[in-house]
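K.L.:
Residue numbers (our numbering), protein chains in the order written: chain A, 176 to 586; chain B, 176 to 586.
Simulated from the structure, these hints should not be mistaken for laboratory data.
A hint or two may mislead.
[As the list claims (entries may be wrong)] Here are the simulated DSSO-like cross-link-like pairs (lysine-lysine), alpha carbons at most 27 angstroms apart as the crow flies:
#, chain 1, residue 1, chain 2, residue 2
1, B, Lys480, A, Lys240
2, A, Lys410, B, Lys255
3, A, Lys255, B, Lys410
4, A, Lys378, A, Lys410
5, A, Lys480, A, Lys533
6, A, Lys255, B, Lys255
[To be verified] Here are the simulated distance ranges between beta carbons:
#, chain 1, residue 1, chain 2, residue 2, range
7, A, Ala392, B, Asp225, 45 to 53 angstroms
8, B, Lys255, A, Ser379, 26 to 34 angstroms
9, A, Arg408, B, Glu499, 43 to 51 angstroms
[To be verified] For the chain B half of the interface with chain A, some residues (derived, Cβ under 7 angstroms), not all of them:
#, residue
10, Gly250
11, Lys277
12, Thr339
13, Val572
Note that CB positions come from ideal geometry on N, CA and C, so glycine has one too.
2 protein chains.
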Amino acid sequence: MNNNLIVAQSGGPTAAINSSLAGVINQAVKISDIDRVYGSVHGIQGVIKDQFIEFTDWKSEDITKLSKTPAMYLGSCRFKLPEISEDEELYKSIFDRFNAMKVGFFVYIGGNDSMDTVVKLSEYARLHNHPVKIAGVPKTIDNDLIITDHTPGFGSAAKYVASTIREIAYDTYIYDTQSVTIVEVMGRDAGWLTAASGLSRTKSSPAPHLIYLPEVAFSKENFIEDVKKNLERYKNIVVAVSEGIHDKSGSYVSADTTYADKFGHSQLSGAGKVLEHLVKDKLGVKVRSIELNVLQRCAGHIISKTDFDEAFAQGEYAVTQAVEGATGFMSAIRRLSDMPYTTELFTVDVNDVANKAKPVPESFINEFGNNITKSATDYLTPLIQGEVPADYDGGVVDYLPVSHLVHHKVQ
Amino acid sequence: MNNNLIVAQSGGPTAAINSSLAGVINQAVKISDIDRVYGSVHGIQGVIKDQFIEFTDWKSEDITKLSKTPAMYLGSCRFKLPEISEDEELYKSIFDRFNAMKVGFFVYIGGNDSMDTVVKLSEYARLHNHPVKIAGVPKTIDNDLIITDHTPGFGSAAKYVASTIREIAYDTYIYDTQSVTIVEVMGRDAGWLTAASGLSRTKSSPAPHLIYLPEVAFSKENFIEDVKKNLERYKNIVVAVSEGIHDKSGSYVSADTTYADKFGHSQLSGAGKVLEHLVKDKLGVKVRSIELNVLQRCAGHIISKTDFDEAFAQGEYAVTQAVEGATGFMSAIRRLSDMPYTTELFTVDVNDVANKAKPVPESFINEFGNNITKSATDYLTPLIQGEVPADYDGGVVDYLPVSHLVHHKVQ
Numbered sequence: 176m177n178n179n180l181i182v183a184q185s186g187g188p189t190a191a192i193n194s195s196l197a198g199v200i201n202q203a204v205k206i207s208d209i210d211r212v213y214g215s216v217h218g219i220q221g222v223i224k225d226q227f228i229e230f231t232d233w234k235s236e237d238i239t240k241l242s243k244t245p246a247m248y249l250g251s252c253r254f255k256l257p258e259i260s261e262d263e264e265l266y267k268s269i270f271d272r273f274n275a276m277k278v279g280f281f282v283y284i285g286g287n288d289s290m291d292t293v294v295k296l297s298e299y300a301r302l303h304n305h306p307v308k309i310a311g312v313p314k315t316i317d318n319d320l321i322i323t324d325h326t327p328g329f330g331s332a333a334k335y336v337a338s339t340i341r342e343i344a345y346d347t348y349i350y351d352t353q354s355v356t357i358v359e360v361m362g363r364d365a366g367w368l369t370a371a372s373g374l375s376r377t378k379s380s381p382a383p384h385l386i387y388l389p390e391v392a393f394s395k396e397n398f399i400e401d402v403k404k405n406l407e408r409y410k411n412i413v414v415a416v417s418e419g420i421h422d423k424s425g426s427y428v429s430a431d432t433t434y435a436d437k438f439g440h441s442q443l444s445g446a447g448k449v450l451e452h453l454v455k456d457k458l459g460v461k462v463r464s465i466e467l468n469v470l471q472r473c474a475g476h477i478i479s480k481t482d483f484d485e486a487f488a489q490g491e492y493a494v495t496q497a498v499e500g501a502t503g504f505m506s507a508i509r510r511l512s513d514m515p516y517t518t519e520l521f522t523v524d525v526n527d528v529a530n531k532a533k534p535v536p537e538s539f540i541n542e543f544g545n546n547i548t549k550s551a552t553d554y555l556t557p558l559i560q561g562e563v564p565a566d567y568d569g570g571v572v573d574y575l576p577v578s579h580l581v582h583h584k585v586q
Numbered sequence: 176m177n178n179n180l181i182v183a184q185s186g187g188p189t190a191a192i193n194s195s196l197a198g199v200i201n202q203a204v205k206i207s208d209i210d211r212v213y214g215s216v217h218g219i220q221g222v223i224k225d226q227f228i229e230f231t232d233w234k235s236e237d238i239t240k241l242s243k244t245p246a247m248y249l250g251s252c253r254f255k256l257p258e259i260s261e262d263e264e265l266y267k268s269i270f271d272r273f274n275a276m277k278v279g280f281f282v283y284i285g286g287n288d289s290m291d292t293v294v295k296l297s298e299y300a301r302l303h304n305h306p307v308k309i310a311g312v313p314k315t316i317d318n319d320l321i322i323t324d325h326t327p328g329f330g331s332a333a334k335y336v337a338s339t340i341r342e343i344a345y346d347t348y349i350y351d352t353q354s355v356t357i358v359e360v361m362g363r364d365a366g367w368l369t370a371a372s373g374l375s376r377t378k379s380s381p382a383p384h385l386i387y388l389p390e391v392a393f394s395k396e397n398f399i400e401d402v403k404k405n406l407e408r409y410k411n412i413v414v415a416v417s418e419g420i421h422d423k424s425g426s427y428v429s430a431d432t433t434y435a436d437k438f439g440h441s442q443l444s445g446a447g448k449v450l451e452h453l454v455k456d457k458l459g460v461k462v463r464s465i466e467l468n469v470l471q472r473c474a475g476h477i478i479s480k481t482d483f484d485e486a487f488a489q490g491e492y493a494v495t496q497a498v499e500g501a502t503g504f505m506s507a508i509r510r511l512s513d514m515p516y517t518t519e520l521f522t523v524d525v526n527d528v529a530n531k532a533k534p535v536p537e538s539f540i541n542e543f544g545n546n547i548t549k550s551a552t553d554y555l556t557p558l559i560q561g562e563v564p565a566d567y568d569g570g571v572v573d574y575l576p577v578s579h580l581v582h583h584k585v586q
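Can you make the complete structure from the sequences, with help from the hints?
P.N.:
Structure, rendered in structure tokens:
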């Protein structure tokens with residue numbers, strides 16, 4: 176009987192994805208139906224290339240350390256499986272490996288692209304009556320998976336964005352001259368993370384004064400008017416924009432400016448940089464743009480405890496469900512109430528979620544398209560609650576070593 | 176008798192400057208020789224424009240909250256006092272205000288430009304036999320003040336840089352393809368903060384693989400060779416560069432690329448962006464650049480306890496010295512040993528430090544000019560030790576309100 180488990184990760188890094196991995200391992204080593212627990216390195220590619228790490232004998236302190244480590248312990252891949260009909264051999268090799276390793280459970284932690292892998296593997300298993308159970312655990316800082324209330328990784332990214340924009344605001348307030356600061360937040364097609372910037376505000380700190388999401392057609396004229404109006408009242412304005420804002424014809428703001436360097440490269444600059452130039456040009460006020468860097472997805476030193484716990488729980492839950500016979504599913508979370516915040520886990524058919532995206536709803540955006548509403552705040556607030564103190568060693572944040580990724584040869 | 180105290184802040188924000196302010200207030204309200212404690216808003220400009228906050232009756236919990244708040248509670252200014260001979264009236268108005276407010280002590284917290292204000296005010300006081308004691312307390316993330324071993328604010332910025340570069344490294348390691356990530360760190364003329372990136376390294380995490388400081392003439396040819404060599408060994412390379420790197424003729428790398436947007440602006444891009452293009456052009460490998468944003472100077476959520484405590488102590492010490500009769504001085508710190516790390520405070524004649532800068536010494540840089548040495552690590556390590564847990568409210572880092580800066584009208 177195949178009673179081993181393989182877990183893998185895929186897509187972009189988050190601060191909570193290793194908490195889901197830790198949840199999977201923790202539950203798998205606990206359940207008597209599961210024997211050995213393997214991690215496939217670089218997503219499904221590890222299965223194809225026979226690259227595994229074994230977790231079966233990990234100590235609980237290692238699992239805890241793993242849960243608090245950001246990015247992706249097992250490494251990622253951007254590899255999308257072909258259609259089954261296009262390369263049946265590849266699928267056969269994957270399932271041969273499952274048999275050789277006596278694998279009865281395969282858990283894939285990733286975003287909507289990764290759920291496509293869960294769809295295809297479970298379809299192949301169904302077609303060939305293979306007993307392996309295929310489970311998906313969601314993760315994405317973009318929070319754009321449908322059906323589930325939200326996705327692990329988002330709450331921590333949202334907490335990072337809200338906290339750092341408050342700090343950026345404090346940095347802007349100190350000068351006695353007017354200024355505009357434009358902060359560009361990740362989220363090409365969905366504005367969830369940019370919306371979370373609204374949680375920065377306090378009674379005395381109004382930043383960000385304006386918020387623009389890709390769900391609303393962006394108008395440069397309206398933007399300049401919005402900034403002007405705010406400058407009449409406030410000395411220093413902070414504006415949060417999604418990287419993916421675009422006008423009503425669908426043209427990205429970021430596509431509006433190109434620069435050519437001395438090598439002749441013509442490059443897109445970010446939306447923030449374009450708006451920086453626009454403000455300088457139209458209003459002549461001191462302006463700068465800040466692109467929040469990859470820390471918004473991998474800052475393990477500022478994690479939402481709610482997110483962290485939910486990520487872990489979803490990993491555990493997926494294993495439990497698979498052992499009970501479920502397959503071709505993704506674990507999901509249902510919100511029962513905002514305050515007190517209560518939720519329950521459930522499973523969804525992965526076919527219903529893969530390759531689909533959930534935008535920020537209209538009710539979360541104000542009528543002028545330049546701010547979020549109370550509904551948005553009510554939805555977002557519970558997701559960033561609680562802290563998970565980071566470990567420090569020698570004064571620097573300390574994570575589980577990932578030497579298998581550092582020296583791993585390029586394929 | 177003039178026994179009130181004014182304290183003010185000037186220059187760029189740091190995560191520890193309000194700890195120095197809290198130290199000044201804490202000591203001033205404790206000492207019986209001092210009656211009332213005022214803060215001048217926007218540096219020396221507050222004295223000129225009569226804008227003050229009174230701290231005399233602040234509760235100790237407010238002072239604690241203040242100490243943990245980043246940026247600059249009293250607001251900053253970039254105003255440099257003219258020579259006394261150029262505008263004697265201005266100086267007279269400042270000292271008239273001192274008299275009107277019965278001010279016997281003036282403490283200025285700032286960098287080397289701000290120490291110029293301490294020089295000029297103490298010179299005027301000396302010329303006119305005015306009894307006010309003028310004290311300076313250093314701060315700068317650049318760590319470029321001479322005589323003092325290091326400056327408050329630097330340790331916290333260094334801790335932020337080291338920790339976040341470790342997180343950025345974890346973010347890069349996950350992919351199975353080669354990549355180069357260039358991280359641009361603040362420090363136009365001095366590479367102290369970029370040098371601190373070396374503290375990111377662990378036995379298993381070699382990032383940053385290369386470090387370039389403005390103290391070494393930058394050669395693009397050598398840089399490309401360095402990157403190539405590292406790519407033979409490692410899958411993902413992280414490079415830390417100071418914003419101010421320049422070639423042997425003094426031309427800034429950042430001046431090498433200009434881009435023109437559709438408004439016809441021609442803008443300098445950063446050193447990181449220039450090197451990104453260079454790597455893409457010469458090596459054809461996947462490359463990105465990250466400009467660490469203002470958080471490296473104002474991330475109150477990741478503070479060095481050593482820095483925080485020293486900043487506070489220097490504020491207290493400056494008040495004590497002024498009350499004992501010292502004037503025209505800056506508080507400074509002398510290192511007695513690296514391990515165990517022991518220090519003592521002392522005063523320096525502010526004339527000896529104002530408008531001067533301290534580069535990273537040669538002994539801290541390796542022979543190839545692309546890394547730091549053990550001497551550098553030994554010097555830097557003690558400065559980032561210990562953590563100061565941030566306060567969170569509703570899931571977001573929580574600081575003392577600064578409404579007096581937010582709504583304050585532009586002059």
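K.L.:
Are the hints correct? Go through all of them and say.
P.N.:
So, going through the hints one by one against the coordinates:
1. B:Lys480 - A:Lys240: Measuring from Cα to Cα gives roughly 23 angstroms; hence the hint holds.
2. A:Lys410 - B:Lys255: With Cα atoms ~22 angstroms apart, A:Lys410 and B:Lys255 stay inside 27 angstroms; holds.
3. A:Lys255 - B:Lys410: holds, 22 angstroms
4. A:Lys378 - A:Lys410: The given pair, whose Cα atoms are some 16 angstroms apart, holds under the 27 angstroms limit.
5. A:Lys480 - A:Lys533: Status holds; Cα separation ~24 angstroms.
6. A:Lys255 - B:Lys255: violated, 60 angstroms
7. A:Ala392 - B:Asp225: 45 to 53 angstroms: holds, 48 angstroms
8. B:Lys255 - A:Ser379: 26 to 34 angstroms: Given range 26 to 34 angstroms: holds, Cβ gap about 30 angstroms.
9. A:Arg408 - B:Glu499: 43 to 51 angstroms: holds, 47 angstroms
10. Gly250: Cβ of B:Gly250 sits 5 angstroms from chain A, so the hint holds.
11. Lys277: Violated - the Cβ of B:Lys277 stays beyond 7 angstroms from chain A, reaching only about 26 angstroms at its closest.
12. Thr339: holds, 6 angstroms
13. Val572: holds, 4 angstroms
This entry does not satisfy hints 6, 11, going by the numbered hints stated previously.
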